[in-house]
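Asks: Below are the chains, spelled out letter by letter.
2 protein chains.
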Amino acid sequence: MKAAVMGYGTIGSGVVTVLETNRDVIAARAGEVIEVSKVLDLRDFPGDPIEKKLVRDYMDIVNDPEIKIVVETMGGVEPAYTFVKAMLEAGKHVTTSNKALVADKGAELIRIAREHNVNFMFEASVGGGIPIIRPLLKCLTGDVIEGIYGIVNGTTNYMLTKMANEGSDFDEVLKEAQAKGYAEKDPTADIEGHDAQRKIAILTSLVAGRQIDYQDIPTEGITKISAADMKYAKVMKRVIKLVAASKKTGDTYSARVAPFMLHEGHPLYHVDDVFNAIMVHGNMLGDGMFYGSGAGSLPTASAVVGDMVDMARHVDKNVYIRWEEEKLILADSTTDSYKFFVRTSDDENTIESAFKDAGYVNAGIDGEIGVVTEEMTQGEFDEAIKKLSDVRSVIRLV
Amino acid sequence: MKAAVMGYGTIGSGVVTVLETNRDVIAARAGEVIEVSKVLDLRDFPGDPIEKKLVRDYMDIVNDPEIKIVVETMGGVEPAYTFVKAMLEAGKHVTTSNKALVADKGAELIRIAREHNVNFMFEASVGGGIPIIRPLLKCLTGDVIEGIYGIVNGTTNYMLTKMANEGSDFDEVLKEAQAKGYAEKDPTADIEGHDAQRKIAILTSLVAGRQIDYQDIPTEGITKISAADMKYAKVMKRVIKLVAASKKTGDTYSARVAPFMLHEGHPLYHVDDVFNAIMVHGNMLGDGMFYGSGAGSLPTASAVVGDMVDMARHVDKNVYIRWEEEKLILADSTTDSYKFFVRTSDDENTIESAFKDAGYVNAGIDGEIGVVTEEMTQGEFDEAIKKLSDVRSVIRLV
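Line by line, the protein sequences are chains Z and U.
So the first sequence is numbered by my numbering: it starts at 1 and just counts up by one.
So the second sequence is numbered by my numbering: it starts at 1001 and just counts up by one.
Worth flagging that the hints you see were computed from the coordinates, not collected in a lab.
Some clues are possibly wrong.
Unchecked claim - Straight-line Cα separation of at most 20 Å, PhoX-like style, residue types lysine-lysine; simulated pairs: (1) Z:K327 x Z:K247; (2) U:K1317 x Z:K317; (3) Z:K237 x U:K1237; (4) Z:K68 x Z:K85; (5) U:K1038 x U:K1002; (6) Z:K68 x Z:K2.
Chain Z with its partners taken away, still in its complex shape (with noise of 0.2 Å):
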């Protein structure tokens, strides 16, 4: 079975290293040894064994029979879409561990490749090389699924694991992790929560067998989130992670994605440093969670090759994915209900004004007070805040 590469990069070359490091073990369970013939890059890689295998025209590998399985690892929009789209309309099966391409076009190239009786598949674009799309699709069929949370962001988890242990600032431990390389140059799309916006929209779309539009997910990232709050973490026995959620709603979803103080019982609670984990709760099953790797070459590229055998497995099959391109409107993230975390200079008659159910916690700085508020909804909250003069943060209970 011949496949390509386009894309050698992290998780690109990664893919080609977990084929030839397991090659009897993969061969033995897709029926027949998978052979990477064509990688395309616009780079040269002299001295890489693949130098003599590189293309620089996706139509080369469209082009070329024998080819079966293309791996898609490029990354980005386009022109991923471009070159996947023509390898699908070919008859080729694409697997991809790119989040952006799957939010964006995933239930239009799920259509595409069921038109060609072809597969496309993408268990690396969430949660790395922890098994979760497939679980969803082929597993938990027989659940109501009612709620997702997961820590789906291995840089901005490995930040706040190193705040919380080292009482460290935000803008101190960045550096760190991106002298450290968990964390890129342009950070912004890990810290902002765009790439967990796009995960949790990838995974609500597949549990409501409808498209989910990502940019009509709250976001909030991790950058305001200081060394004084993950204090007050500390005293409440707390920990402040960036979970993406959704949770059944009638007959949608909401979804959010910011950062929350997790109590210690939350399955997520211990998650810490590079690692994933995303719990689900089905209204049969209960609570259910997959950790493990969220990143890096080798895991990702390990749920990439998984994908690969699926489709040597299945090369004249379409296996059937329910998302469909009809977009789904997310329920009024106003109604959502939370407590929250409000950290104030105001004093006790500001703050019961606006929230009559306060608890206060005290975490030994000086001229400010945590509140944690009575559980309200979203918009309760907002109106409620701005009795407030004075708001140093603000993060939800979970």
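Use these hints to put chain U onto chain Z, whose structure you have.
Replies: Same frame as chain Z, but now just chain U:
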């Protein structure tokens, strides 16, 4: 799509409930409504909606050409084996939650299913509602699985959690677990580790692609674990868990079921109460973990129904499962290496004649001391321990 349920107990009745509760969403995923038309049980269920569907003779199901999917939730090897075999030979798909049947006859029933172009599935046989069989078979196919470490028995995990939290002794906790329905009247299979032994045999067989006989797996239960052991664990910042483990060793695996003392950073450390979790280490993935409700009527039934949906989607196709009948001889378990925790009243000279790098743990229990040995093989330990005159407990560390 018509289905039958064999055994209307906890799980069988749960299957009927799941199919009814989530009827529409299951139909959307399966492509059609799945309806239970016959239930095999020797008991009467007066007033139960399935009363009119009851049959006493499994041949009534075999001979019903409308029934395409059969659920086996009777438990035990016989007569389940005879019934399941007859169903497969009659061209019906079968899913089971019965780990005794799968551990004993899994490879053969997979072959029979393949020969009749139907499927034999068993997601619910390990980890209850937690997806683990399908992730191993369909997701982690790019990896060589080098280790599996699972808390796969909810009864014993509940008991050990209670003992750790409350300082109570084994017998007391067992009585309480029985009163609450978490432990059976005859708790032998759980507390002696036999249940976990079958489950790790199934998982190891799937990873190896060959038959592992559960009888070959050295197995210790939790009956010797005492309140005193828990005191030491607390001092050592460890927890005691019944772990079912298997580890790649050359071309085969070494496997073991035993109580282990886990360090605080271990992914299974925080798995408490009746929850199950299975950690998988792949040579490319690194560590992954699957966590959730490992038992109970609806969670387990949810996994059974997941299989039913998969079967409805593959009604004319055998989904390949690699589990050959040829037996794989496990590695010699005396060559496994561990650090061991030992309680003894012997003096230091005696202890150090046995273990040259012994560390000591004082839990404030008069007349004895805790010893942590150097890392050594099981064989070396078995020799060394003979030098002690008093051994009050032995627990491996991980």
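Asks: With reference to the structure, classify each hint as holding or not holding.
Replies: Hint-by-hint comparison with the structure:
1. Z:K327 x Z:K247: Status holds; Cα separation ~17 Å.
2. U:K1317 x Z:K317: Distance of about 11 Å is within 20 Å: holds.
3. Z:K237 x U:K1237: Given that 20 Å is the threshold and the Cα spacing comes to 18 Å, the pair holds.
4. Z:K68 x Z:K85: OK: Z:K68 and Z:K85 at ~14 Å, within 20 Å.
5. U:K1038 x U:K1002: Given that 20 Å is the threshold and the Cα spacing comes to 9 Å, the pair holds.
6. Z:K68 x Z:K2: Given that 20 Å is the threshold and the Cα spacing comes to 6 Å, the pair holds.
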